[in-house]
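In case you want the letters, here they are:
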Amino acid sequence: MSGLRFPVSPRRRTAVVLAALSVLATGIVASAPLEAAADGGVVKVGSEVVGSDGKTYSATNHLTERAFAPTPGNRPRKWLLTWAGDAEPGTGGSPDPDFLAVVDATPGTPGYGRVVNTLTLDSAFGNEPHHMQYMWHKGDRVYAGGLLSDTTYVFDIARLPQVRLAGVTLPADTPCGSAPDAYTVLKDGTAYATYMGGPDVTGPCRYTDGQIRDGNGYAGSPGEVVRLDRSGKVLAEAPAATSTSEDPELCVNIPVLPKATCANPHGIAVREDLNRLITSDFAEVRNMVTPPAPPPANVGRKTVRIFDIADRGRPRLLSVSRLPDGPRQETNPIAEEPHMVMETAVTNQPHHRGAFASTMSGGAVFYTPDITDPNPKWREVFDDSTAFKALFPTDTPQAGTDGGSWLMPSPDDRYLFHVVLSGGLSSPAANKEAGMVYVLDIQPLLAAGRGTRCSIDDMREVFAGGRERDCPRLVSALPIKDLTSGGPHWAAMDTFGLDRQAYRETQQVSRLAVSNYFVSSTYVDGDHRVCLIDVGPHGELSLDQTFRDENQGTPCVGFDRTRWPHGDHGGARPHGVLFAVADADIR
Amino acid sequence: MYGSHGRRHRAVAAVAVLACLQVLALSLPAWADTLAGPHGPHGPVSPPEGAGAVIRGLVLVTTSIAAGVAMLQPVAGPPGRHGRTLAHAAAVTAAAGQFTVIVAGGAWLVTMALATATLALPTMLSRPRPAAATAVLITIVLAAYGLFTAARDGTTGVSGAVRGGAAPDTGFQAAVTPGAAVHGADLGLGLGLAVVHGLAATVWAGAAVYLATAAPADRRALARRLTPPVLVSAAALAVSGALWAFLDGVRLDRGVWSAFGALLIVKTVAAAGCVVALSVFLGGAGNRRGAARSPAILLACAVVAGTALTVVPRPAPPPVPGVPLLGDVTVAGHRLPVLVAPARPGWNLVHIGADQASAGTDPARLTPATAQPGTRYTWARIWLPAGRSPLWIGLRGAVAELPVDTGDGGAGGPDLRGPDGPECAHVALGRAVAGVGAPLRSCPADRLTAADAADLRAMVRFVAARGVRVIGLAGDPSPRGTRAAAEVRAEAGRQRLTVVAPGAARTPVIVVSGWAVADRVVRDVGTGRVAALGTYLAPWLLSAPLLGPSAGQLIALRFHPGDPRGLSYAAALNLRFPGEPATAAGYHGWSGEPGSQAPPRLYAASTLSVPGHAQPGGASGGHDGHGGHGGGRWLPGGTITPITGPLAPGPLPRHP
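If you're matching them up, the sequences are chains A and B in order.
Each residue of the first sequence is one higher than the one before, starting from 1 at the first, in my numbering.
Each residue of the second sequence is one higher than the one before, starting from 1001 at the first, in my numbering.
Isolated chain A (complex conformation) (with noise of 0.2 angstroms):
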């Protein structure tokens, strides 16, 4: 015997050490560009815009070959946008790019649940993208806000998957407002931000109008609304503020200004056709936390601001109204009702001509029926605990701090949707982390008009909704569970129909896009999970266990994940989400 040989003929085993030799000979010189490896397939298509600073700020898609594979009976493919910001920085810690990813948002096709591009922002790091617009209708570019780099990104989707950078806000172009947040788009494609933080230079800011209001700085107080073109060039700075001073107790300004603000805006929303812009004020953002004392409950925000729009390049301030305390006593004053209003939206129907808003801190929604009131009166319609409580009847999360955050009436008005990031601070911790997605029918009360008689009033309605008649009934909540410090916080509505081999805009809600992410730098995060939800005819919430993430092959699109279209750059933090359909798609 001579050792072990293997049962080969010669020639078989010559042509083994061939193939040997071969995929070692491939392995060498792949050894070097794996990344190209990674990018096999994907077709790069570059965009750039010069900025107000005369920089060039450039971007690139990175299609792969799903973006341009045909879906069965050609069927036109919906999109789901999701903005995104790098997670972990890469190599000897330079940084990955931020970007927008277009996802394969068509139910049934080979694609569908896949990232398919990824428009990166090759110029400009650490944005920490924000939010787009809550509605994309056919026409409309894409804003998107940069929180932490004060830039507002404006991109062209009209060729989806294909994204195009349309322009460029940057900071020094609203030197009167700091840390963009939302978004809403016009019918003549211009768009009105909310600026949440203060000029970008303490003292007095003179606005485009001619206004002067006095701030404490950069994320401080006051914020604005800005009014952008289509390529992102500020067309009206107006002062959030009142001239005079709000109360300073209620509005507390840090360093504290001569003339107290609440005006922090976050949310907003607009009625055309009644001239009026709403916006909701959040929180004096960079004070939250100011050493070495604890933040005062009064940094998070209790207010509404209605705005005359007749003149849009001047929004006007008309009021500036205050949510009311509910009937739960919280030993955290910040966990009271009305604390930090995160988000404000309006009714649709023309007939309809209400508002809502809903509390990050304090867990509720709020209702005022007429936005054009001179001096609308806000009250509390609905109480988060009443969702929690039908989703887990023990162990009950608290709706105090429980981060209530993105909030949508359906564009026919018969459902109101909300987003609820987890169970509040001092929940039980069987189910703190319970975000939920839930859903109100508020037909009954929009159908009382000015006479709504719906306010949470005492404990029992608290947990089991309103008592009048047309106070918002519960029909259906899902609960997210989220694993980490935040949870789902941000959401977009489908209301895309299929007419013909096109797509058609609807009053229903087919279907909500949300995202599991907050702001990683205020220590809330999340699991960085983008889950869609189907809706039924009758507003039944279910999760689309069909939208699979592609690595993992779990419900729900994951961004915690290795490899992107433009390499492997490791985790992303997506937050805001929209849905889209390329120009040629939609009529």
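Relax, there's no trap hidden among the hints.
One side only, chain A facing chain B, incomplete, derived with CB under 10 angstroms:
#, residue
1, 54
2, 171
3, 172
4, 175
5, 201
6, 203
7, 218
8, 219
9, 519
These are calculated hints, taken from the structure and not from any lab test.
All figures in this text were calculated on a predicted structure; none of them were measured in a lab.
Glycine residues also receive a C-beta, built at the ideal position from the N, C-alpha and C atoms.
Mind docking chain B on chain A? Use the hints.
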């Protein structure tokens, strides 16, 4: 005579088992010292990644055996039955180990190619030359790939050959990353060493197998045939090994007694002993059986020791006399970064990456390290003698030694005992992070640079352009502070501004002091004790502790902290001294650039947070705890954003 086949099988098996056990045993001390090595994570010492190290060692040994047999076949002739058996077993083991690497997330294409080629090697032995060529190729690829992954993981010392000149972008990966500041010579040296050493070691492994498995009658002739390649590879091993060890910081006076050094000694002695034993055997002296077996055993020992060297961390480099030291100690279960500056005889500043730590030259009488305004962690002023001495670091009742060397007692360094000491130490820290070993001769507070003076003047003009008529000025008595205040006053005079002390009047406050006074000013503005229309910080005050309090901070800078270069510094600092704030002083020390020709722009700084949500490290201005969340950024939990174009001579933003 060796006797029956059974005895031979047992001998072969024993050699293989012993080799594996030896790898395991020799690797064990390294686990306790953490495989992350001196550049690994700080904080609580992590459990060892023992399985990975063993697999890596096993892959190297077995691949060397399989490749070594194939490589020497043209010289030594076909191996015997036991040699082939061993080569087959080694190839299968190596391939299995390589597949495990794929499962663990290694570069699958390279590893798959290596595994396939290694598996094919024994079957190729019937064609000696192709087999030898394949073996050489496998060895080169494995050596290069091992260098690549080891450098990326920071686990072994070969990367030192690259890292030596790679600062500020450290590591092999940086070297192969386009745009990294690495010289091709460094890259070539590292690769060259790895390949030469790998090939030489493989020759030895093959020789060991041949000698151990040859029939006794053939052994002497075989040894003669193997002598030339073994001697050549011995020379190659010696030269490349010595250079390798030198680059890894091993010196006769330090590092020898570490696990790494011990292995190095074992390898050297075994290699030298093998050459001697081979000479004895070939000369016919000594007991024939014993003389025949000795070279093989010693060869195996050398190969195994050499393999084990790749899985143990190299020792920390010895302190360079008179050069600020950035070291690590493991105390009370925590690995702490420690900075000693200026590392000259006399008073030194010792900065420890922990709260409630202490330091001193007598472990029984340690000086508590205390927090300093405008800084993180703790600082202690310690008198160090000339030359080498132990510095003791204490934490929670435990102590650990950090050797320091202050040099010969010649010209002393700057006195860091004052309020500007931490800023000066940050220059040294930046240099140390960059791998630049230069004595600390002066401090930023010693003088006002022309660039900083220009930035201050531009800032005053910016304020004046906003229509302000009165400004507040906060300075300190340092040479820089005095000169800076004069610059501000002079420019204010030209702009017809009145300069007052910060106080009740709501004016822009320009801060030209060092960190300590600036820390007080921003806190006073944040709490309302000082009224301010914004706090304008001098460029050297770029540091997270000074940007966290809510004071409307604005700072004139000539570089964007969010640009790739700025972020690379912050990330490198966080890797080496987790949680330590990135600072202007540190950045200039790291980059080697005292200033930039770019025009200054005004940046706004702010943190963001949400009330009620717990933060690691407590409420600290949006900062995280120690190097965790947000680490590697200039302002964790916040932003430093340019809000103007170039301040001068460019246009100024509109004002009310």
